[in-house]
Structures are given as C-alpha cells and as structure tokens.
Amino acid sequence: MDDSYRVNICGVEWRNPVTTAAGTFAVAESGKYFDPAELGAVTTKGVSAEPWAGNPTPRIAETPSGMLNAVGLENPGVDAYIAGDLRVLKDRGATVISNVAGHSEDEYVYVCRRLDATDTDMLELNVSCPNVREGGMAFGTDADTLARLVGKVRAVTDKPLIVKLSPNVTDITKLAAAAERAGADALSLINTLLGMRIDTRTGKPILANITGGLSGPAIRPVAVRMVYEVARSVSVPVVGMGGIMTGEDALEFLLAGASAVAVGTAALIDPAAPVRVARELGELISNPQVAAAIDAARVRTA
Amino acid sequence: MRERATASIVENLEIASGVYRLTLADSRGSDMVSGIVAEAAPGQFVNVYLNSASMLLPRPFGISDVVASERGPRLVLVYAVVGAGTAELSTYAPGAAIRILGPQGNGYELAPLGKNVLLIGGGLGIPPLLFATRRIRERLTPGDDTRLTALLGYRDAPYYSGGMGLYCDEVFSISETASGIGEYKKEHEHKKNRPFCVVNGTVMDLAARLVSDGRLDLTDASILSCGPMPMLCAVAEWAKSKGIPAQVSLEARMGCGYGACVGCTIEVKPAEPIASAANTKGTVLFVSPSDESLTEHPSIAQRKVCKDGPVFPAEAIVW
Chain E
1 MDDSYRVNIC GVEWRNPVTT AAGTFAVAES GKYFDPAELG AVTTKGVSAE
51 PWAGNPTPRI AETPSGMLNA VGLENPGVDA YIAGDLRVLK DRGATVISNV
101 AGHSEDEYVY VCRRLDATDT DMLELNVSCP NVREGGMAFG TDADTLARLV
151 GKVRAVTDKP LIVKLSPNVT DITKLAAAAE RAGADALSLI NTLLGMRIDT
201 RTGKPILANI TGGLSGPAIR PVAVRMVYEV ARSVSVPVVG MGGIMTGEDA
251 LEFLLAGASA VAVGTAALID PAAPVRVARE LGELISNPQV AAAIDAARVR
301 TA
Chain D
1 MRERATASIV ENLEIASGVY RLTLADSRGS DMVSGIVAEA APGQFVNVYL
51 NSASMLLPRP FGISDVVASE RGPRLVLVYA VVGAGTAELS TYAPGAAIRI
101 LGPQGNGYEL APLGKNVLLI GGGLGIPPLL FATRRIRERL TPGDDTRLTA
151 LLGYRDAPYY SGGMGLYCDE VFSISETASG IGEYKKEHEH KKNRPFCVVN
201 GTVMDLAARL VSDGRLDLTD ASILSCGPMP MLCAVAEWAK SKGIPAQVSL
251 EARMGCGYGA CVGCTIEVKP AEPIASAANT KGTVLFVSPS DESLTEHPSI
301 AQRKVCKDGP VFPAEAIVW
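From first to last, the protein sequence lines are chains E and D. Using the working numbering, you'd call the opening residue of the first sequence number 1 and step up by one each time. Using the working numbering, you'd call the opening residue of the second sequence number 1 and step up by one each time.
Errors might be hidden in some of the hints.
Claimed, not checked - Listed next, with one range per pair, are the computed distances between beta-carbon atoms: (1) Thr202/E with Lys269/D: 26 to 36 Å; (2) Gly151/E with Ala38/D: 55 to 65 Å; (3) Pro94/D with Gln289/E: 39 to 49 Å; (4) Arg92/E with Gly143/D: 26 to 36 Å; (5) Thr118/E with Ser17/D: 52 to 62 Å; (6) Ala37/E with Ala208/D: 22 to 32 Å; (7) Ala93/D with Ala208/E: 30 to 40 Å; (8) Ser241/D with Arg148/E: 56 to 66 Å; (9) Val290/E with Ala111/D: 49 to 59 Å; (10) Thr118/E with Ala93/D: 51 to 61 Å; (11) Ala83/E with Gly83/D: 20 to 30 Å; (12) Asp217/D with Asp35/E: 48 to 58 Å; (13) Asp205/D with Lys90/E: 48 to 58 Å.
The hints are simulated quantities; they were obtained by calculation from the structure and are not laboratory data. Glycine residues also receive a C-beta, built at the ideal position from the N, C-alpha and C atoms.
Bound-form chain E, shown alone (with noise of 0.2 Å):
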C-alpha cells in the first residue's frame, strides 16, 4: 500500500490516515479481509476492567442509510484483550489504537494503567457510548464530569490519549474543550447518535435495549459539521469519524479540519472497507490540489 501520506498523530505516525472506528474491528474476524498493519491504525473494541456480557439481543436494527446497535459494549477484559487481541495486532506490526471503556472513574483508570504497562501505541477513552446504563455516555455529555475524568486518566499514563465525544449535546465545542484543557491529545468524534426504532406491527422496540447508537451515512452530515465546529476551536488533533463509506467521503473530513479519520459502519457491510478508503483516499490525496486544499484546511483550524 501507497505510504505516501503518512501522517502524525500526537507523536505516533500513521502511514495512512485511516484507521478503525472503535468496536467495527475484530482481530479474527477483520483479519480474514484484510492486513490491520495497512492502515494508518486499529482501533480496537472498547475494553473494561472486567468481562462485560453485553446487552440481550436484539442488538442491531437497520435504519434508512444507517443502522442502530446497541451491544453494550460486550468485551472479555483488558487481561485477556491484553493477551489475546492487543498482541496479535502488535505481532502483526499494526499500529493500534486501545479503546477503553468503564462504568465508573476508578474502572476506566485502572484499564488505562494496565494499558500503560503495555505496547499499545495509543488510548482512545470512550466517555460516548450510548448503550451502557452506568459509565459511557454519562461522562462524554457533561464538561466538569469530563474534565475530572481524563484528568485523572492523564495521570496514569503517558500515552498519547484521545477522548472521544459524544454527538448528544448541545455545545459539542464546550466538551472538547473540557477534554483538551484536561490533557487529551487529540479528540475523536462523532460517536453514535442516540436513536431508536419500532416494530409497527408489534408496537414495541425492535432493540431490547430499546433505544440504541445511530451510525452509518446518514449520520455523516452531522459528523461532519461536528468535526468542522471542534477542529476550530481545540488545537489538539481530530479524528473525524460518522458514515465514512468511501474516499470521498473521508475526504470531506479532512477538509473540515480533521487529521485523520475513522472507518466504522462500512465496514460491518464490506469487510475490506478500511483499507479501500485508505486506498481510495491515497489515490484523491496524490491530487495537488487535494492535497493543497487539505493542508489549508488544516492551517484555518490550527
């Protein structure tokens, strides 16, 4: 693959900038479609302290242009992901992102430290998540909450450390601000936006969850205005993320001010779709003019 637009991303460098959208990515699963070390990163499945059952199923219902999921972010623990999946991908030689997850402040540190102890190039905090009770989203959707959060995840590890913002607020600028003057990186957004659908003929929800997380491209234009209002207003860097199927449609990120961008939905539909963004997107960046226009888009939100 093409490694002519690596970028950097808060010290680590990517040889393209793609990577995962957290919980899109299975080691074993993806692995089978594509090389996880061709992309700029992996971001793997959020990860708690210990083994999370998940939400009972239904767990996915298709939307218009989209889809709704509401997993709950089932994951074996950071020991076995420690074991298992982070050194599969590091053998591999990916560069790879761990996304951590918790119900409480006191779970999302102690992930973080043992993540620290580890090879993992990067931690993405999911305070976004949509489908778990306690932890997730309470903590992306209120500054202060967030503030003392990655401040004390800051603390732990060295780390280059993303925070990834929720779309379900008001001001989603007040948040990325939070993050950043709390010690974030670089931010990550959109998560999922909260949603929910109903069986007509049953008259009940078709989760059981009932309401769940709305990604897909029909989600891609509210994404990809959230990336233009954070990417003015921080100076860390952005990885831009809602709906991308293709290279044009990163693209449309990079030109709203992100550094990088996140594959997610796409690829639960094509499985080799990271990858083929990646490859599409060389393709329209080896334009000069494209590549022109992407670095002034950078210099207006620096």
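For chain E, the structure is supplied; the task is to place chain D on it using the hints.
Just chain D now, with coordinates in the frame of chain E:
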C-alpha cells in the same frame, strides 16, 4: 481472503406465497459463486447485499443448494419477503447483479450420525436442510442401511418436501393451516407415493404422533434441525428427552454477518465443553475462537451466531 463480490441472478422465482428461490451464477470478473459452490458446507450461509444505498446491512440466507451445472456453478438461496429489504430483493430480475459474501459460519457435522438421521425443518429452515440431506445421502456407501427421515413443518402450503423426498427414505409434513394442505394434496394427487401430510399442528406435534403410531425409529438416532427459534427450542427439548444428539442451525438478527459487530450473540452453557461442528477446540471461547487470538473467558459464555454458528449442538445452548 475473499472479498464481497458480485454475482449474477439466474432465477428469482416465487415458489410459495411470499417465498422465493434465488439462483445465482458467477458474474463477469467475479468467481464468488464458483468459490462458494466449491467450499460450502450444509448449514453455512451467504450474506446478500441489496443494491439500494439506503439498506446497508447484509441479509443472511442459508445455502439451499450448490449445483455444478453444465452452464457453470449455481448457488441456490431461498428467502421469504418479510420486510422492505426482501421485498426489494424479490423485484430483482434475472440478469441483474447483486453483491454477496460467503460461505459464512460453520455448518453441520455430517458424520457420524447414526443409523436413523432425522431432518427436522420448519418453513424457511427446510431448504438448507435439503443441502444437508443431499450431502448425507451422497456420502452413504452402497449397502449402508442409514435411514434418512424428514419431518417438515409449514405455516401454509408445503414447499421443498418433494425435493427432500429425492434423498430421504420417508418425508412427513405438517401444516398449521388447512388451506395450505389442500393445495399441497392437489399438487401431489397424481403421484403414486403421495407424501404423508397432516394438518393443524407443529412439527413437534408431528413427531409425537409418529412416535405414538410407531412410525419413527429412534434407535441410534441423531437430529439435524433448522427453523425458527421456538421450533428449535422444542426440538432441543424433545431430543434431550429422547436422549438423541441434535445439531440446530440458529436464526438471529445479524448485523455484519462475519463476526465483527457482535450483534448476534447467543448464550451458551459454560460448564460443558462446546465442540461445535467445524470448531472442535472443546472449550468455551469468547469473541475470537481462532488460533491466533484465543481469548477464553469462562464467566461470559456467549458466542456469535454468525461466526461460531449458526449450527450448534442443541445441548450447548441456553434456551
């Protein structure tokens, strides 16, 4: 590394009310169908993607048959129109291209199955059982006295029971509605050995009746089953009560259909080693049961239907 690719529609035919048979061939520049025909095991499924940009998720359909015809390999899928996606699929005409990915998941363990193999199917679960039945029949050596018996349950008019008759020693059908059975009997009137068919009940009612009539030999038996979850649950219970090992192919609302989204998990019994079909590690594996990233965790006994199934031993599932 097989990527999602296009296939060409050869036939998209309504074979019963709202039930369609979709036959696919390789399209120019893609050997996806050839690959599936060569590799597929009964019980595996195929992700079918719609051409509409607003309906993103794959529709997972069990493989009903793979055929090496004179004009090239053919993949046969049977689906019912249950929502907007399958309604759109039913409008696709022969010659149109669609994207597919497969074969997905793990199929049935086809040996050893004992002397009496019961194929218990319900509705759309029946066509995938045809593929399994054909494979079992083809592998029997001359003189093998293994008996294949199909018990098929329908909501309305039967379909695919004639096909099952080609490979089974006996086929018993049951329909929940009298109207369905009327059509069925009319269709088979001219045949010498009219298939046995009763009305007003489920496939488990049929099984109970056949046992009480002494028409079902359960010695050294095993069960392969596919159908809606309530039926599979009843099959599992019945199999357990009779001491018969059963493999069930589960249905689930899936997201990605390849194991990444963790949308279709099913609870499994943590105490028992789970040696499922093609995945015979004998331990409860969490999330990634590949050699490379074994992440075992006994406290969460959940498996992905799309990746670790859809076929599981019935006794492994928490019903």
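**Request:** Provide an ascending list of the numbers of those earlier hints which the structure does not satisfy.
**Result:** Of the numbered hints given earlier, those the structure breaks are 4, 6, 11, listed in rising order.
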